[in-house]
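Single-letter residue listing:
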Amino acid sequence: GAGVSQSPSNKVTEKGKDVELRCDPISGHTALYWYRQRLGQGLEFLIYFQGNSAPDKSGLPSDRFSAERTGESVSTLTIQRTQQEDSAVYLCASSFGQAMNTEAFFGQGTRLTVV
Amino acid sequence: GNSVTQMEGPVTLSEEAFLTINCTYTATGYPSLFWYVQYPGEGLQLLLKATKADDKGSNKGFEATYRKETTSFHLEKGSVQVSDSAVYFCALSPRGYSTLTFGKGTMLLVSP
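For the record, the sequence lines run as chains E and V. Residues 1 to 115 in our numbering are what the first sequence lists, from first letter to last. Residues 1001 to 1112 in our numbering are what the second sequence lists, from first letter to last.
Everything labelled a hint here was simulated from the structure, so no lab data went into it. Even glycine gets a Cβ: it sits at the ideal position worked out from N, Cα and C. Relax, there's no trap hidden among the hints.
One side of the interface only, derived from the structure: several residues of chain E facing chain V at Cβ under 10 Å:
id, residue
1, Gln37
2, Phe45
3, Pro55
4, Leu91
5, Glu103
Straight line, CA to CA, 30 Å or less: simulated DSS-like cross-link-like pairs of lysine-lysine:
id, chain 1, residue 1, chain 2, residue 2
6, E, Lys57, V, Lys1104
7, V, Lys1104, V, Lys1052
8, V, Lys1077, V, Lys1104
9, V, Lys1056, V, Lys1068
10, E, Lys11, V, Lys1104
11, V, Lys1052, E, Lys57
12, E, Lys11, E, Lys57
13, V, Lys1104, V, Lys1068
14, V, Lys1104, V, Lys1060
15, E, Lys57, E, Lys15
16, V, Lys1068, V, Lys1052
17, E, Lys15, V, Lys1104
Generate the whole structure from the sequences, applying the supplied hints.
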């Protein structure tokens, strides 16, 4: 596709269940980012991939969160044993190079609600 | 650490009014600065950027000047339109880093 695609667009899950969020970046973009936006808050950085490697995982809030990227393309963000505080919009972005030098393109996000 | 502070919203204006959305930052060194915009139902998209002090970024009638002395990057537009209604995010990316640090966003509502 022409842009960054995220799925699902909405997800409601029960507390304690695991969820997987998917991101399809723009073809050829080497950098991929995950952010979280909780209600009334700014965008919170979670993890950054360059190719299939994650040189910066500093934003992952706990060991319940993990992410992987394969084939320098699709990325999956997994949240295990979800908690209510995990409810947020999860945004994925990709760019051709480093964020400081080039434009990051964002998907429309996955709205996660933990009940 | 790195942080971005934006003015609280929503900002409510009439069409053709002058817009200013304040943004200040804290960062080590000299970061690149950005404004991203999120229109209703769409993903964030880059509006403008500046990579060094005194640079002015501009796009679609919006402008922002990188002010190192005041660590600011305020967004301005001389005459807003209803179609400018959106959420605006100020962001920075420190030199040598690959991530963006965002502010909380400011909602702009423009009425006819």
